[in-house]
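*Asks:* Protein sequences, first through last, are from chains H and E. First residue of the first sequence: 693, per our numbering; consecutive thereafter. First residue of the second sequence: 693, per our numbering; consecutive thereafter.
To be clear, the hints were calculated from the coordinates, so they are not data collected in a lab. Among the hints, erroneous ones may be present.
DSS-like cross-link-like pairs, simulated, lysine-lysine; straight-line CA separation at most 27 Å [what the hints assert, rightly or not]:
1) 993(H) <-> 923(E)
2) 1140(H) <-> 709(E)
3) 709(E) <-> 1126(H)
4) 1138(E) <-> 1078(H)
5) 855(E) <-> 923(E)
6) 1078(H) <-> 993(E)
7) 1128(H) <-> 709(E)
There are 2 protein chains.
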Amino acid sequence: MSFTIQNVLIPDGESYKTVNVQIQDDRILAIAPNLEVIGTAIEGSHQLLLPGFVNAHTHSSEMWQRGIIPPTPLELWIAELYKFTPLDPAQAYLSAVGTAVETLMTGGTCVVDHLVLIPGQELETIAAAERAYRSVGIRAFIAPLIQDKALSAGIPTGGDEVKHSEDVPTTQAVLDLVQTAVEQFHRPDEGIEIMVAPTGIQLCSDALFAGCIELSDRYDLNRHAHLLETKAQQLLAQEKYGCSAVQHLKEIGFLSPRTSLAHCVWLDDREIEILAETRSTVVHNPLSNLRLGSGIAPILKYRQAGVNVSFGCDGSASNDSQDLLEAIKIGSILHNVTDFDYQYWITPRQAVDMASLGGATGLNRADQFGTLEVGKKADLVLYDLKSLSLLPRTDPIGLLVLGRPVNVVSYAWVNGKQVISDHEICNVSVNDLKEKLFEQSQWSPKRKSAAISKTEARYRSVMGLSERLS
Amino acid sequence: MSFTIQNVLIPDGESYKTVNVQIQDDRILAIAPNLEVIGTAIEGSHQLLLPGFVNAHTHSSEMWQRGIIPPTPLELWIAELYKFTPLDPAQAYLSAVGTAVETLMTGGTCVVDHLVLIPGQELETIAAAERAYRSVGIRAFIAPLIQDKALSAGIPTGGDEVKHSEDVPTTQAVLDLVQTAVEQFHRPDEGIEIMVAPTGIQLCSDALFAGCIELSDRYDLNRHAHLLETKAQQLLAQEKYGCSAVQHLKEIGFLSPRTSLAHCVWLDDREIEILAETRSTVVHNPLSNLRLGSGIAPILKYRQAGVNVSFGCDGSASNDSQDLLEAIKIGSILHNVTDFDYQYWITPRQAVDMASLGGATGLNRADQFGTLEVGKKADLVLYDLKSLSLLPRTDPIGLLVLGRPVNVVSYAWVNGKQVISDHEICNVSVNDLKEKLFEQSQWSPKRKSAAISKTEARYRSVMGLSERLS
């Protein structure tokens, strides 16, 4: 299968140029003005072509709870999240389809799904997500979210003796599950990869990390985890290790050029150096960090230290959307209030590079995708520059990143295969998706659980918050 | 003209209820379940009805420069903005139409346009904006942006002798212009009002403020100004007055229940008290404050002090969009990182109240619009709850505020007149708007001017920034 995108605008240094782009099979064959058309011709006039972005951290099944969890910090929010998490793999399928659709419609061609597993149906959950991503045609890194501690262990004890539930799987059972998932679903050539993805230091033993490292080395798998999302986790790391979480992860060998770490809000300068030394990647989830009040990740410091940074939407219960362009915009401009010196502020072009090449680098695949280059995978997105939200004509990338684009993706391809055509998703029915999401849910604004209040007293005490008003 | 919205969801305490809403002429006649249909029936099933929001601070003509000004602080950004500001009232018309359309499509039924006036064609600019807002049918408060100092006077001197251009209008000429605008265009009954709107302390003499206060009293006009958007303005106020800007504005009598103040980023606790005492309104423009690196306005403190707060998009060259739902989302969640105590965080329902009733209050019209109440103006918006971005069904207002809604406004009315029907703008052709914006602009990513560099050395010195790299 070949096709040629004609007369399309692409970035060229600080400006743009108009070219034709030939694609053969899954790769970019040539990029130059006036190239002959091979295969199908796609008219690219008044459109901007960019490499697809990476939604470098999300949890697809959270889509079922978007819009409903009240404004609370992570440690309380997550109790509520788990209380109502979907328990049917058919739901996991639909939310993965929804996540893929929203990611594609906002410029993403690749998703990292830190997938919450349904207890007792772990492999079925992974199978459902894998089927969803294959159906839509998005490139997917499925990162089964694993842990071997109870959820309550994620809150610092403040020195108190705290009992946690013992209803957790053994470390070996968790590792066996990942190995089975790798054998069944890890197919890099087909655009589906499994990652080793411990939740983070807050819920995982060193033995679990060690097992993940071993699997990563044995099967050449990327590594993913949450890292220091909240101040509570910073306190917890000191309680657990007597040193910083980053120092500990370095010592046990988890950090590497194929390690991407979601959030990284509470790192100090020495910890930032460690990420740079180990060539680890920070996945910035600005909307989630604001929504949960986690803090503002020191992204300008990461960039100045040479740490690779990419963008994620995070799960839809903490954002509450999978709009990658929104994450890119807010993840760029948010940091202007952290440094008066504007020469370090992220420009729209830098933001685009972070979202594409930065995303690919974090997945150790910068040689495969993330730039418009001959020989790279054809993971490509066309933006319609005649959309109202991208008018009047000024600077296409400035409008795309700093504006609020609405339905601007006109065409997209993953691995050379078309996934969006004329602003519409190609391979699944979005109307069908909407109908199913509607039918399988109900308005529940007064949903109440004891989940938050059970944890609240300890959380407020450890965080030094005074008693709650009425 | 009458109509009835049937079977529609409206907020009810912490929950929702399904009602019929009768509208007669420009007012809400009745709200109750199972009311008989009067006039045209509008089917409201699976839709949410809210009072229209107020886009409480923008500059419509900035739409011509959205996406193009590089990431720089206000004091440099504004030099670039003025260098390329449109000079044809026909452009002012189109950008006002664009501003109205984007505001309406994202839940706003009222706009406050702090309108940049074309030199020598000031009244023609106001006339163009007025015609645009009447054409689209949005409620508009036109606030001609006036000043009697040169732009360079907006940067602190740092004690140096600085010469400013003398090419500025006299104070009396500026005031005469506003008076003429009031006589020609101020028609509250028709949904068009003129405001007195000095740029702010940075560019206006006390005599200009005094003249504005006099006009405001004489014609019952609302008052609007920028206030302490940047740290530089805080320094400047100390240089000019030897006291804080807020203290000075209080002393000269500008603050009042009909005064709304854009930004309010750099206020201390005593200044916040003054805003509360004078019942002034803060207009929060979160995207602009981030984009320009101005800072995070202390919105949670305002709310705790009892200061009314509403939301604005600010002009499209500092945002770069007129998506009010985006301003509401970011303006809510941004503040979660400023206070660990989540009991003060803004909930989605509070955000909706701020955007509607808070907006109306800031315009001294809380008795007229901003809530769903019998007798209030029918400034109403219906949201389509079957849109993908508002699914699955959880909490409609949570989804609307915390999600990223795409094209969700299905119907809207201003003063009882329909302005959106079935997701489409009724009274102007959006295709025509797009064509004109396209034709009357050209891609200019390499646009260069001396505007920024002329001011840069002084700005960096006053702000204590080291010499620029490279």
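*Asks:* Are the hints correct? Go through all of them and say.
*Replies:* Hint check results:
1. Note on residue 993(H) and residue 923(E): the hinted pairing holds, with a Cα-Cα distance of about 22 Å set against a maximum of 27 Å.
2. Between residue 1140(H) and residue 709(E) the alpha-carbon distance is near 18 Å, which keeps this suggested pair within the 27 Å criterion.
3. Between the alpha carbons of residue 709(E) and residue 1126(H) the distance comes to roughly 23 Å, so the proposed pair stays at or under 27 Å and holds.
4. Annotation: proposed proximity of residue 1138(E) to residue 1078(H) holds, straight-line Cα distance about 20 Å (limit 27 Å).
5. Note on residue 855(E) and residue 923(E): the hinted pairing holds, with a Cα-Cα distance of about 22 Å set against a maximum of 27 Å.
6. Proposed proximity of residue 1078(H) and residue 993(E) is contradicted: the alpha carbons are some 42 Å apart, above 27 Å.
7. Among the hinted pairs, residue 1128(H) with residue 709(E) is consistent with the structure: their alpha-carbon atoms are about 24 Å apart, no more than 27 Å.
Hint 6 from the earlier list is the only one contradicted by this structure; the remaining hints agree with it.
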